[in-house]
Every structure is written in C-alpha cells, then in structure tokens.
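Chemist: The opening residue of the sequence shown carries number 0 in numbering that gives the first Met the number 0; numbering runs sequentially from there.
Please keep in mind that the hints were generated in silico from the structure rather than gathered at the bench.
Treat the hints with care, since some could be wrong.
[Said to hold, decoys possible] DEER-style ranges, computed between Cβ atoms:
| no. | residue 1 | residue 2 | range |
| --- | --- | --- | --- |
| 1 | Y102 | G23 | 17 to 23 Å |
| 2 | N67 | E140 | 16 to 22 Å |
| 3 | L108 | M87 | 39 to 45 Å |
| 4 | V116 | D90 | 41 to 47 Å |
| 5 | V118 | M87 | 29 to 35 Å |
The model shown is predicted, which means the values in this text are computed figures rather than measured ones.
Just so you know, even glycine gets a beta-carbon here, dropped at the ideal spot from N, CA and C.
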Amino acid sequence: MNEIYTTVMGRLVANPESRTTRGGVPFTAFRLASTVRRPNPQTREYEDGPTNFFNVTAFRTLGANVGNSLGKGDPVIVYGRMRVNQWMRSDNIPATSVEIDAYSVGHDLTWGTTSLVKVSRAQVDQSDRLSDDAVQSVHAELEGYSPGDPETDEYEVVPQPSGLVTQEDDERELATVSAPA
0 MNEIYTTVMG
10 RLVANPESRT
20 TRGGVPFTAF
30 RLASTVRRPN
40 PQTREYEDGP
50 TNFFNVTAFR
60 TLGANVGNSL
70 GKGDPVIVYG
80 RMRVNQWMRS
90 DNIPATSVEI
100 DAYSVGHDLT
110 WGTTSLVKVS
120 RAQVDQSDRL
130 SDDAVQSVHA
140 ELEGYSPGDP
150 ETDEYEVVPQ
160 PSGLVTQEDD
170 ERELATVSAP
180 A
C-alpha cells in the first residue's frame with residue numbers, strides 16, 4: 000500500500016483537544032489552516048491564495064507535548080501521514096476532509112522563538128490510529144469550524160511578531176522576484 004507523507008505549515012484554528020482512545024492511548028487533535036502567499040509581479044505585493052484545512056492528530060508523547068505547547072493561532076510545521084476521508088453528511092451532501100497522522104509537530108520559527116523543555120519519549124505505534132472512534136469524534140467536532148467571511152466575520156487580532164526582517168527587506172525581495180531577467 001502506498002502512503003502519502005507531507006509537511007504542512009499553517010496556524011491552529013482553535014486550541015488543541017486532548018483525549019484518550021478506547022484502547023487507552025492518549026492523543027491530541029487540532030485543526031490547521033494553511034494559506035499560500037505569493038508575490039504578485041504587477042502590484043509587487045504578496046497576496047493570499049486559497050486556504051486549506053487539515054485535521055491533525057498526534058498520539059502518545061507527541062500528543063501530550065502538542066497539547067501542552069500549542070494554542071489557537073500558533074504558527075506550526077506538521078509532518079506526517081496524510082489521508083483523504085470522504086463521507087456523506089446527515090443532509091446527504093458528500094463531504095471531504097484531509098487528515099494528518101502527525102509524526103512531528105513544532106512551532107514555525109519564522110514567526111518567533113521558542114524554548115524546548117525535554118521530556119521522556121514513548122514508543123510510537125504505526126498502526127492506523129486515525130480510524131479510532133474517539134479520534135473520528137474529535138475530527139467531527141473540528142469540522143464544525145469554517146473559514147468564515149473575512150469581510151463580515153469578526154476575527155481575533157493576533158499581533159505580528161517583530162523580528163530582524165523589515166518591510167524594506169520584503170520589498171527588496173519582491174523587487175528581485177519580479178525584476179525582468
């Protein structure tokens with residue numbers, strides 16, 4: 000069987016939820032939003048592309064660490080096994096979600112700094128953990144989130160981190176990207 004492994008950068012839509020499977024395995028699940036940003040050569044500004052949403056689940060020690068380390072709006076990088084889940088909603092409309100069984104999760108240090116507190120490591124089970132009823136229950140709850148309408152919906156304003164890169168640096172990069180060869 001072929002499997003798809005992927006790396007996704009994005010932000011948490013809500014705080015992670017930690018639970019336990021029927022078999023007693025701890026896990027943490029969260030919804031991740033990832034929006035592509037590309038430079039527009041005509042306007043020389045970056046523009047948002049479409050946003051993709053992923054249900055991410057981390058098991059055992061990774062799950063516990065995710066639950067203790069991440070919160071709504073945090074920029075993260077996730078690596079794991081991806082699968083597409085298709086089903087019929089209760090109103091007979093087909094639905095699709097993309098799930099990632101996370102093998103590694105961390106803060107995206109492009110947006111800030113972080114500190115590591117080491118903990119003991121548990122053995123990772125490689126079976127199909129995403130099909131557990133408790134995991135699917137959390138995914139169903141997470142599906143209740145929608146991207147919303149940026150023109151009419153209220154959003155929590157997250158201050159942009161300050162860093163060494165300035166707007167002038169970004170403008171220089173845009174000029175380089177859009178300069179004729």
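Chemist: Determine for every hint whether it applies to the structure shown.
Modeler: Verification of the supplied hints:
One distance hint, 17 to 23 Å for the beta-carbon pair Y102 and G23, holds here, with the actual separation near 21 Å. At about 20 Å, the beta-carbon gap between N67 and E140 stays in the expected band of 16 to 22 Å. For L108 and M87, the Cβ-Cβ distance of about 41 Å falls inside the hinted range of 39 to 45 Å, so the restraint holds. For the pair V116 and D90, the supplied restraint of 41 to 47 Å holds, since their beta-carbon distance comes to about 45 Å.
Here the CB-CB span from V118 to M87 is close to 41 Å, at odds with the stated 29 to 35 Å.
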